[in-house]
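Per this note's numbering, the sequence shown starts with residue 94, numbered consecutively.
I should point out that these hints are in silico values taken from the structure, not numbers from a laboratory.
Using 20 Å as the maximum straight-line C-alpha spacing, the simulated EDC-like pairs for lysine to aspartate or glutamate come out as follows: (1) 480 with 437; (2) 348 with 442; (3) 348 with 392; (4) 535 with 361; (5) 480 with 442; (6) 348 with 394; (7) 480 with 453; (8) 419 with 453; (9) 535 with 159; (10) 535 with 507; (11) 309 with 114; (12) 480 with 507; (13) 485 with 452; (14) 522 with 553; (15) 521 with 553; (16) 419 with 452; (17) 485 with 361; (18) 522 with 490; (19) 480 with 408; (20) 417 with 453; (21) 480 with 435; (22) 309 with 110; (23) 535 with 459; (24) 449 with 412; (25) 449 with 413; (26) 535 with 490; (27) 522 with 547; (28) 485 with 507; (29) 417 with 452; (30) 485 with 442; (31) 309 with 253; (32) 480 with 452; (33) 485 with 540; (34) 521 with 547; (35) 521 with 215; (36) 535 with 525; (37) 521 with 193.
Cβ pair distances, simulated, as ranges: (38) 412 with 118: 51 to 61 Å; (39) 226 with 163: 20 to 30 Å; (40) 448 with 556: 30 to 40 Å.
C-beta atoms are modelled at their ideal positions from N, C-alpha and C, and glycine is treated no differently.
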Amino acid sequence: MCVIATAVIWGKQAGDESVRERESLIARDMVVSIDRILDNVVTRRRVELRSLPGQSCALVAYRLAELKTYVHYVRAIDLVGHRRLYCSSALGPIDVPLLDYLQPAPSGITIGLAAGTFNQPDTPVMPLYVSTGPDTGLLYVVEAAYLADALAHGVRYEADHVVLVVSNTGALNNSGNMIPADSAAARQGTRASSTRWAFSIAVVAAPEFVSHAHWKYGLLAGAAALLVNLLIAAAWLIAFAPRRLMLAAVRRGLKQGQLHLAYQPIVEIATRRIAGVEALIRWTHPKWGPVNPGVFMVEVERSSLLPRITRFALERASDEIAHKTKVRPLRLAVNIAPMDLERDGFVADVLAVNQKLPDDITLVLELTERLLLQKHPRTEAIFQRLKAHGVKFAIDDFGTQHSNLDLLGRFPFDYVKIDGQFVRQIDKKGYELIRAIAGVAKHYGMEVIAEGVETAAQHEALRSLGIPFGQGYFYQRPVPVSALFVDADTTAQGASVVP
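Required output: the full structure, derived from the provided sequences and hints.
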């Protein structure tokens, strides 16, 4: 019995040491990954960027936006003067206190963590401030999502959770969520600190690994190893089976006619005349009922099912609007994904639909930016060819995801759709932000559509700003084509007026 007890104690101690070594290894690897990201941010175009602070935004805004395109991992680069952000690579002229992001050191480089920015308050970022003079500096707004992706690699190497900790400002976990720096999750496990940047990484090993380590050094090593292998296999099935099942259900739904379209008008704000409609894909499952598009379209856009869904939306929308509505002229907006622009046959699908539309219906392709739109010769050629046939392009949800000033400069969009979150804040900070976006759009020869208009006050504020088009529940909710213009009056000119 004494020997067995000794063996059990030794096994427990050896297992604990194995766990600490694994946590330390993962933590050091994560430090190297985050170091590499931050080093890349501050070294790219370093000399050119550090020459800009102190200069007028009107003179250097374009150059700032251009230089930002060479810097990976950042949402924006802002110029700082007298502790205020006065020029943004994404939005142009701004006026935001630097202290909203971090407390800068008197000189050198300071990093922090913030729950969001003034224009995206719910999306965490790592502000990185580089002092370039007594009262000037650069603020790199690093996307926390990239940092979380790097931390998530630790989970693949048998960590339960990985946390990036910046003293006195907060912590970021591998799911991309901000947590307090003094929380239990940030204080547990094994920690490794960067020698170049003011952060540390805390790692807690996954329960499966801890169990495996203890059993490996105990009397039941063989049984424990088998259990861990079974757990890993189960975790793999749990992680990937739902996606396969979802796509299979969408595929069946398309074949069985469960997918359909709803339409929401796009209105001239000054007159409330209907200028166009957006076709929105809907799925009503016989057992689940209505399925949120945000649930299944994210998976569809990353799968081989995307061409069939896009083709369905184009063909169904063009047929219903052309044959079941009378309001003319009209713009018909259909959503596409960046991956559509990379597949063979997309241009042919669009042109086939466009050729069947009457001359007084204009096809508009709305790009949803869940995935990053890359600029390369093939994409540019698709834009040029389709625009030559009268097809127009809109960038959807501008100001979120990957949509920013760089995107407007790189692609010849016809319309910019301002995301509804900014319209909802129009009585606060949203008013000036929408004015700024409208100014940028006008600079590039694009028209603005405000999404998510829900109240008369928002409508009037947008009209005072000179925003030409609006869309939202205030005008009409998405409805089947049969109910699209039922409540609309028709003028002598044949244009429809929203009540």
